[in-house]
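Colleague: Residue strings, one per chain:
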Amino acid sequence: DTAVSQTPKYLVTQMGNDKSIKCEQNLGHDTMYWYKQDSKKFLKIMFSYNNKELIINETVPNRFSPKSPDKAHLNLHINSLELGDSAVYFCASSQGSAGSEKLFFGSGTQLSVL
Amino acid sequence: QKEVEQNSGPLSVPEGAIASLNCTYSDRGSQSFFWYRQYSGKSPELIMFIYSNGDKEDGRFTAQLNKASQYVSLLIRDSQPSDSATYLCAVSLGNEKLTFGTGTRLTIIP
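Read top to bottom, the protein sequences are chains B and X.
In my numbering, each number is its position in the first sequence, counted from 1, plus 15.
In my numbering, each number is its position in the second sequence, counted from 1, plus 18.
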C-alpha cells in the first residue's frame, strides 16, 4: 500500500491551461504539504495544511490554489500555467510538524509546460 | 545569503572510502536538522536527523552538528555504489517550515 500517492506522475500541457494534481495519504498524518523542486534540485515549500487548515502559504502566485477536503487529501490546482511552472511537484505528509517529524513524500508529478 | 547552503558537487568518492557532505545554515534559531537522500527520478527519503550538538551515528551514517559554527555534516563510511544519490540538507526552526539546501550530488566510484 502506497503511503503518499499523487497523480498524475507526468503532466504535459500548454501555456495558459488549468491543471490539477491530486494527493492522498493513508498514514493517518495530520499535516500535508506541497513542495516544488526545480531543475537544479532545489526543493521549496509551497503550502502546508494541518487537519484541513492552511498553516503555511509561501510567496506562491495566487494561480496556485491548494484544497484539502479532509486531512488525508491535499490537491493542488494551477490556473493559467506558465513556462516557469515546469518543475517536479511533491506532495508530502508528517504526523506532526515538518520541523520535528519525518516527511513522507509522494513519488512526484513532473509538470512540463510547453 | 541562502538560508541553507550546500556544495552542489558532484562529489566523487571511491568505493569503501568515507564520503563527507557539508551544510551551513544562516538562522541561529534553527533547532532541527535533517539529511534526506534522493535517488535520480525518485522522491526524497529521510536518512538522518539531529537536534543536539555533537555526533549521531546510525549504521554507516554519522550526522554532526555544530550550532556555534552553524554547520551540519553527514559522513558515510564504507561508501557503496548504492549511496550514489543527491543528499539534501534540511533545517527547521521547529515549526512546519522545513528549508532545504540545493543538495550535493554524490557519486561512489567502484
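In short, the hints are calculated from the structure, not lab data.
Please note: incorrect hints may appear among the correct ones.
[What the hints assert, rightly or not] BS3-like mimics (lysine-lysine), calculated; alpha carbons at most 27 Å apart, straight line:
1) B:K56 / X:K115
2) B:K86 / X:K20
3) X:K20 / X:K85
4) B:K82 / X:K85
5) X:K60 / B:K86
Colleague: Each of the hints needs a verdict: does it hold here or not?
Modeller: Quick rundown of the hints versus the structure:
1. B:K56 / X:K115: Cα-Cα ~18 Å, so holds.
2. B:K86 / X:K20: 32 Å, violated
3. X:K20 / X:K85: 17 Å, holds
4. B:K82 / X:K85: Violated, at roughly 38 Å.
5. X:K60 / B:K86: It holds: about 25 Å lies between the C-alpha atoms, which stays within 27 Å.
Violated hints, in rising order: 2, 4; the structure is consistent with all others.
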